[in-house]
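> With the sequences and hints as input, model every part of the structure.
Protein chains in written order, with my numbering: chain B, 189 to 417; chain Z, 78 to 302.
These aren't lab readings, by the way, just hints derived from the structure by calculation. Mixed in with the good hints, there may be bad ones.
Cβ-to-Cβ under 10 Å is the rule here; a few derived chain B residues that face chain Z [as the list claims (entries may be wrong)]: (1) Ile266; (2) His278; (3) Asp284; (4) Tyr299; (5) Gln302; (6) Arg306; (7) Arg332.
Cut-off 35 Å, straight-line C-alpha distance, at most; resulting in silico cross-link-like pairs (DSBU-like, lysine-lysine) [to be verified]: (8) Lys309(B) with Lys377(B); (9) Lys309(B) with Lys100(Z); (10) Lys100(Z) with Lys315(B); (11) Lys315(B) with Lys377(B); (12) Lys377(B) with Lys346(B); (13) Lys315(B) with Lys346(B).
Positions of the beta carbon are idealized from the N, C-alpha and C atoms, including for glycine.
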Amino acid sequence: MKDSKAAHQGAPFVAVENLTKQFGRFAALRGVSATFDGGRLHAILGDNGAGKTTLLRTLAGLIQPTRGTVTVLGSTDIRAVCDQLGYMAHPSLLYDEMSGMENLRYFARLYGIQDDERCAKAISAVKLDPELTRPVGQYSQGMRQRMSLARALIHDPKILLLDEPFSNVDIGSAREMVRLLESMRAAGKTIFVVTHQASLLDGAADEFVWMQAGQIVGRTRQLQPVEVR
Amino acid sequence: MSSLPTISTATLTKDLRLEWRSKDAINSMLFFALLVVVIFSFSFNPTAEESRQIAGGLVWVAFLFAAVVALNQTWARELRNQVLDAYRVSPAPANALFVAKAVGNFVFVSILEALMTPLFIVFYTLRALGPAWQLIPVAMLGTWALVVNGTFFAAMSIRTRSREIMLPLLLFPISIPALLSMVEGTSAILTGEASAKFWIVLLAVYDLVFTSVSLLLFESVLNAE
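Below, the structure written as structure tokens:
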């Protein structure tokens, strides 16, 4: 772990090289090469099937690339740096039958965190009440998304990988989540957000990465209309 | 970093809590086993001696079928909301999850056996002529044999479309040596005609081999796409 952190000095936070992922005959990623700086908010945009989620899941170590390499914090072994990655998927990744606190307590144990206070702080950070006893299955979609974010934050990772964090969330809650992401970026975290609601990140994201048919087709600092790209 | 026992304990506690709240596995297992006992008792009308001969087979086949219901539930709750991905992205060892699931299933099936055994005794007027205490190692080792393989193959089949069918297809053939040992061991104890020690040793060896193989291979199964 320390070796990989030491090796990371001066190298890009995250790099992918010639990344290809095939599901049978379908190529979800087709030779993607890119480097991403640390301490920034990268918005990954594109149509359905463009390869955004596959790219994110590959960075999280959930998918093994067919070809190419992924380097995270200087290590090509994602397992070695997985305690520095926080992953939030489109589904909540939470047990519906348990309360938010019970969920976080369990996931905290997976990272060797025994401190309930940290779980409470993570829940408070996403503007939810740690004392809430009702099961997550009875939460509203917005509350569930925020609790899912709290789960991804529980071990204070350096890199956050968020897949559709604003989907099915009302505009007020979504803006609140964006403010939260900005504050985390200000605290030095590197954030990748896959979203279809790019306008929410206008002015907040440091970079917009445009994907199409399994490839990165553009990287812009401003959110530009499709025809200008 | 947490150790394997810490994470296994946390996962087991979580599974027991989820089962206590939903009662998905226990309820379905109990009703299934109860049905089997009642149907068997209607189908056969054995004498006490005949009961001793066939009870081993009836009991273990009923428990095996009922256990499959619980084994399917084990991983189904990890697929809801893709919670398994949260485990896979964590630094927690894969085997901690396997051990917790296997122990959890052992607890559920043991509860089933504890509740159903008195019914079998009543329905078939059973009384052991051999050393009855030997039923305990036969039951414990036999149950572990079922759940360790069942947990492993249920994990293998979770991503298949017809996993309810796939699990018995994978589990039953590989469980034949264990099932044979359980049935023969139980019959030997009930009839008192032979020693069950050979079958107990065979079950212990079977458990050792299949637990080791499952632990060696589970990480690959967990991370299979």
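> Quick one, are lysine 315(B) and lysine 377(B) close enough, alpha carbons at most 35 Å?
holds, 19 Å
> Does lysine 315(B) lie within 35 Å of lysine 100(Z) when you go C-alpha to C-alpha?
Roughly 32 Å between the alpha carbons, so the hint for lysine 100(Z) and lysine 315(B) holds.
> Under 10 Å, Cβ to Cβ, is where histidine 278(B) needs to be relative to chain Z, so tell me if that hint holds or is violated.
holds, 8 Å
> Taking 10 Å as the limit, does the beta-carbon of isoleucine 266(B) come near enough to a beta-carbon in chain Z?
With a closest approach of 9 Å, the isoleucine 266(B) hint holds.
> Would you settle whether the hint for arginine 306(B) is holds or violated, based on the nearest Cβ-Cβ distance to chain Z being less than 10 Å?
violated, 14 Å
> Sort out whether lysine 100(Z) lies within 35 Å of lysine 309(B), counting only the CA atoms.
Since the Cα atoms of lysine 309(B) and lysine 100(Z) sit roughly 32 Å apart, the hinted pair holds (cutoff 35 Å).
> Is the interface hint for aspartate 284(B) satisfied, with its Cβ closer than 10 Å to some Cβ of chain Z?
Result: holds, 7 Å to nearest chain Z Cβ.
> Hint check: is the beta carbon of arginine 332(B) less than 10 Å from a beta carbon of chain Z?
OK, holds: arginine 332(B) within 10 Å of chain Z, min 9 Å.
> Going straight from one Cα to the other, do lysine 377(B) and lysine 346(B) come out at no more than 35 Å?
holds, 5 Å
> Answer holds if the nearest beta-carbon of chain Z is closer than 10 Å to that of glutamine 302(B); otherwise answer violated.
holds, 8 Å
> Is it true that the CA of lysine 315(B) sits at most 35 Å from the CA of lysine 346(B)?
holds, 21 Å
> Just to be careful, I want the Cα atoms of lysine 309(B) and lysine 377(B) compared with a cutoff of 35 Å; is the pair within it?
holds, 17 Å
In the structure shown, a violation is registered for the earlier hint numbered 6 alone.
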